Amino acid sequence: MPTASDVLYYAIHFNELRNIIQWQTWHDPVHNRNPEKEAPSLQICFDFLDKTSRSFSSVIKELHPELLVPIALFYLILRGLDTIEDDMTISLKEKDPLLRQFYQNTEKEGWNYNGNGPNEKDRELLVQFQNVTEEFRKIKPVYRDIIKDVTEKMGNGMADFCANAEHNINGVDTIDDYDLYCHYVAGLVGNGLTRLFVESGLANPMLLQRPQLQESMGLFLQKTNIIRDVKEDHDDKRSFWPKEIWSKHVDNFEDLFEPQNKEAALNCSSEMVLNSLAHADQCLFYLAGLKEQSVFNFAAIPQSMAIATLELVFRNPNIFKRNVKITKGEACRIMMKSTQNLQLVCEIFRQFTRKIHKKNTPRDPNFLKISIACGKIEQFIESIYPSQDPKKIIEAQGAAPPDPTPASEAEAKNKAMAEEAKWDTIYLLAAVMGTLFILSCLMIGTAYLFGARFDVALDQLSKGKLSKPSGDEAQSIIQDYDHGEL
Amino acid sequence: MAISVLITGGTGFVGAFIVDAALSQHPEWAITVLDLRLPETPKSNVAYETGDVTDLTLVTAIVDRLKPKVVVHTAGLVPELAGRYGRKLRNRVWGVNVNGTQNMLTAAKAVGVEAFVWTGSCCAVTDDMRYQYPNVDETWPTSTTSLIYGESKAAAEALVLAANDSSMATCSLRPSVLFGPGDHQLVPSIHHCIVKGETPFIIGSGDNLWDVTYVGNVADSHILAVENLLSKEKTAAGEAIFISNEQPITFRDFCLVVWKEFGHFPPFEVHIPVAIAALTGLIAEWVTWITGSPITLSRGSVLDAVGIRYCSGEKARMLLGYKPRVGIEEGIRISCKEYAQRLKANNASQSKT
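Residue numbers (the UniProt record's numbering), protein chains in the order written: chain A, 1 to 486; chain B, 1 to 353.
This is chain B alone, in the form it adopts within the complex:
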């Protein structure tokens, strides 16, 4: 009999890649996607359910009807950059990421799901701006007081790992910053710097290393995690595991390569000392606070820009046998090509109207 797999958030950025990876690597899985809405082009070999994970009654009804053997819970809310450092969106983020996860766990446990893989985030650890995170491993603590996103991921992860028992094996994957085709946050905002003329400015020394993960590799790690939790040994059960491309580079270099893909090279370079940048961020926060317009620059974004954040790939390698299939270089090329097409399509549709 086919293994029934329910993937929440399966039409989103990461979710869609997980669905593709599952279809190509496990044609024997019967996949159902639960998301807020149907995708633009539904796949014929995937079943779709629409609904909000924050609605316990609905989620319970769907899970009860499907009785899946595996749940990949990837639906989550990542605040846009503007909302990342504030607390305005806290309720919404918490609702989806923590309450939504609790709902999925409750529903899954009730129908005897065997494997529950959850998409966590490195932010559960690294959003706490008091520390630097060079080569962090899973012995580092998650933080209860960081940014709204990191806090929600830490709290939800605690729920997921606590739910692990002999009947249902759970695990949390903590990918670092994601990029890839369909990304609406990272590559687009880096690309936007070209128009704004912001490319020459470097905050701090520019030496701080940083991790990114190509979305396709994250999808692979989910498939590996499902395979692990369905195996006899279940070595990943109850574990949180960092996932990255295992190629730490500086944030600046990542930007430079993206700009290069679009044919842009910064005409000159200016180093802005961290203290001045942080002060500017603080003033910007006051202006935002007084005028009420959304934050573009803040102390948080300055700390993000100068922070050291990269993880060790040891545990992912040991437990899951994970190795990033797509390197950063190829990943950036694919992402930029897709984003250039998206921009072109947007321009075309704008000029028509």
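For reference, chain A alone in the conformation it holds in the complex:
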């Protein structure tokens, strides 16, 4: 049910309400899953997908049938892994092997885990994990190998970070560590998905030859979420903002949340945004390699949401006070644009890049760097979708080659033209002035005929009375004039 504040919000932001209605009425999924033909365990898996993911579940469920189940299971497996990593009630001794060997459990019949703390929000998924392993064993071995490989790498990476005492106390240290952390939790997902897309023939195999692109797809999302969730993570006693960045702006990470450090905190968040923004053009490049519509939608929606979120968090002091998020109306507009073609996604990117650019302020130490990053995104979009065609301009000009006429001749021609232009302007000016003069005469004359007192008006004006007198006042002034001598 919408809350009262929602009703009020959409009563004012009518356009956003319109977006929501349009999305819900007109969005036509590229593919629909067919629950009747699904095994009970698969239906349970899809139920878990709905419960564990707000944003991904709908796009996953519209995927091409070839990839629908593999990607849904991929999501649930990684969600399971994440639920173990997140849980601070599990001892390191138990957690380490669990993370590292999780990939082996994905195929074990009947495997599940009930060691999560009672407050862990997705604990139920692991308690009933046998449904996932059951379905996982049914999918094509090539897909299974890819998913297992990524799960293994991610599990090891997470275990390394958990074992790193320094990381647990101080959070992420350098920008390189930050990139590495994001690689484990997001870059690897990009890698796994790309391999699934290519394996299924729904994406250009060239994507595998540019690993930087898939890495950026993951990092752009992850880094943007890390910026947005800074307050929530801090409340949970975690932080992912690298010390290398925040230490330039404040002495202790906690200082970012003190109201008196607002400017420093904003500058720090800008630097984080700048770091994230560097991936944007590569994400667009990646999207150009996706052929199938449902795969494109699946990949493009989160990216568009990320650029919109980045704009939302940029120089927004509220991120240090509470959880900020895009309104539903805005989200629907973005989803509509992101489920058509790359050009519209580029338009979204350009639009939010310009908004970021508008909020950028010269007092920010990274002002110019942010400006350059925004320019780079625009230039990239222009390079794939040029707004003008030089060939047409050449045609329009009739392909006249440059004409090195001797200076004197050309100058004489120019002089004559300038002279002509001068007289044209004089005639034009005279005509305008003449018309104005006649019109003024007509208007003043009419006013005079109707009895306007120009003598009184001029005299009063010269005394410095510029405002219009009230009716009675005006009458008495006229009286004074007419009977001055009496």
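Fair warning: there could be bad hints in the mix.
With a Cα cut of at most 27 Å, we get these calculated DSS-like pairs of lysine-lysine [said to hold, decoys possible]:
| hint | chain 1 | residue 1 | chain 2 | residue 2 |
| --- | --- | --- | --- | --- |
| 1 | B | Lys344 | B | Lys196 |
| 2 | A | Lys248 | A | Lys51 |
| 3 | A | Lys358 | B | Lys196 |
| 4 | A | Lys95 | A | Lys51 |
| 5 | A | Lys237 | A | Lys262 |
| 6 | B | Lys323 | A | Lys376 |
| 7 | B | Lys232 | B | Lys109 |
| 8 | A | Lys422 | B | Lys88 |
| 9 | A | Lys359 | B | Lys196 |
| 10 | B | Lys344 | A | Lys392 |
| 11 | A | Lys391 | A | Lys376 |
| 12 | B | Lys232 | A | Lys376 |
| 13 | A | Lys262 | B | Lys260 |
| 14 | B | Lys344 | A | Lys248 |
| 15 | B | Lys260 | A | Lys359 |
| 16 | B | Lys232 | A | Lys391 |
It is worth saying that the hints were derived from the structure and are not from the lab. Note that this is a predicted model, so its numbers are computed, not measured.
For this one, chain A is given, so just place chain B on it according to the hints.
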């Protein structure tokens, strides 16, 4: 034997940087500078000739005596901002940029110069105000009817590229707007806005992207071009190549950073719609036309301020292996520091007199 290199305009803004780059990257080159006058502090390892490139007899005599293997023709005339939109200076600009270039080409060809690198300008394309130029590449046409500077650069470029043949390889480099130490146009005029109180005003949306090039990077591109034309492949022969810092930003942001270097932040911001600005420009032109005083505001300067002008660095990268060595940020810092010193020196000399 040392490679003999003749650099025209070698004491000017760009020329001096080219001489420095050549000296540091190619100590084996024997460099001669031809310019209107000697520099204030001549370099011991450079030979100097004085003369005007518009004088064919003189140019021929000098080139004939030196018999250089390489000519870097960078002498040119860029009209001051006030003269940019008018046609008053057309003859002078055309004389130096087109006739001067023709003279150099004639003289160079006569003595068997092998490589001829010419400093063109992006204005050969972008001075035509009818169009916007986002991410333009070399497939865009040059314009014969634009501003006096752009027209002269387009015409001269046609001469340079037509002169390319098997004996003499030529190429045209088209840098975008230049800045750097010794710049008398860009940074000084942006700095001057602070005193005039013009910093809060933004014409149009302020979204239009724009290219600048740090002068040292332009110098690098000339050295790369000479190396290319002297190589066996000569891939740049007969080519025009855009040169920029490959960091398009908005003109407004460039100004904001310059002002920031001088400790100034606009106290507020006012957006002026393009139509109103253009109308004001038109009225200013009438006033100028009637009174005869030089133009400060005009429709041209308004169109310049709201225009999109940036190029693709693809061809420069592919043919020359060019990559800007100094980024905009560092470039602005260096330029502003040098300009602040210049201002200080000026003030000091003024207070003495």
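Checked hints:
| no. | hint | verdict |
| --- | --- | --- |
| 1 | B:Lys344 to B:Lys196 | holds, 19 Å |
| 2 | A:Lys248 to A:Lys51 | violated, 40 Å |
| 3 | A:Lys358 to B:Lys196 | holds, 24 Å |
| 4 | A:Lys95 to A:Lys51 | holds, 24 Å |
| 5 | A:Lys237 to A:Lys262 | holds, 21 Å |
| 6 | B:Lys323 to A:Lys376 | holds, 15 Å |
| 7 | B:Lys232 to B:Lys109 | holds, 19 Å |
| 8 | A:Lys422 to B:Lys88 | holds, 14 Å |
| 9 | A:Lys359 to B:Lys196 | holds, 26 Å |
| 10 | B:Lys344 to A:Lys392 | violated, 51 Å |
| 11 | A:Lys391 to A:Lys376 | holds, 25 Å |
| 12 | B:Lys232 to A:Lys376 | violated, 35 Å |
| 13 | A:Lys262 to B:Lys260 | holds, 21 Å |
| 14 | B:Lys344 to A:Lys248 | violated, 32 Å |
| 15 | B:Lys260 to A:Lys359 | holds, 17 Å |
| 16 | B:Lys232 to A:Lys391 | violated, 32 Å |
The structure fails to meet hints 2, 10, 12, 14 and 16 from the earlier list, while all remaining hints are met.
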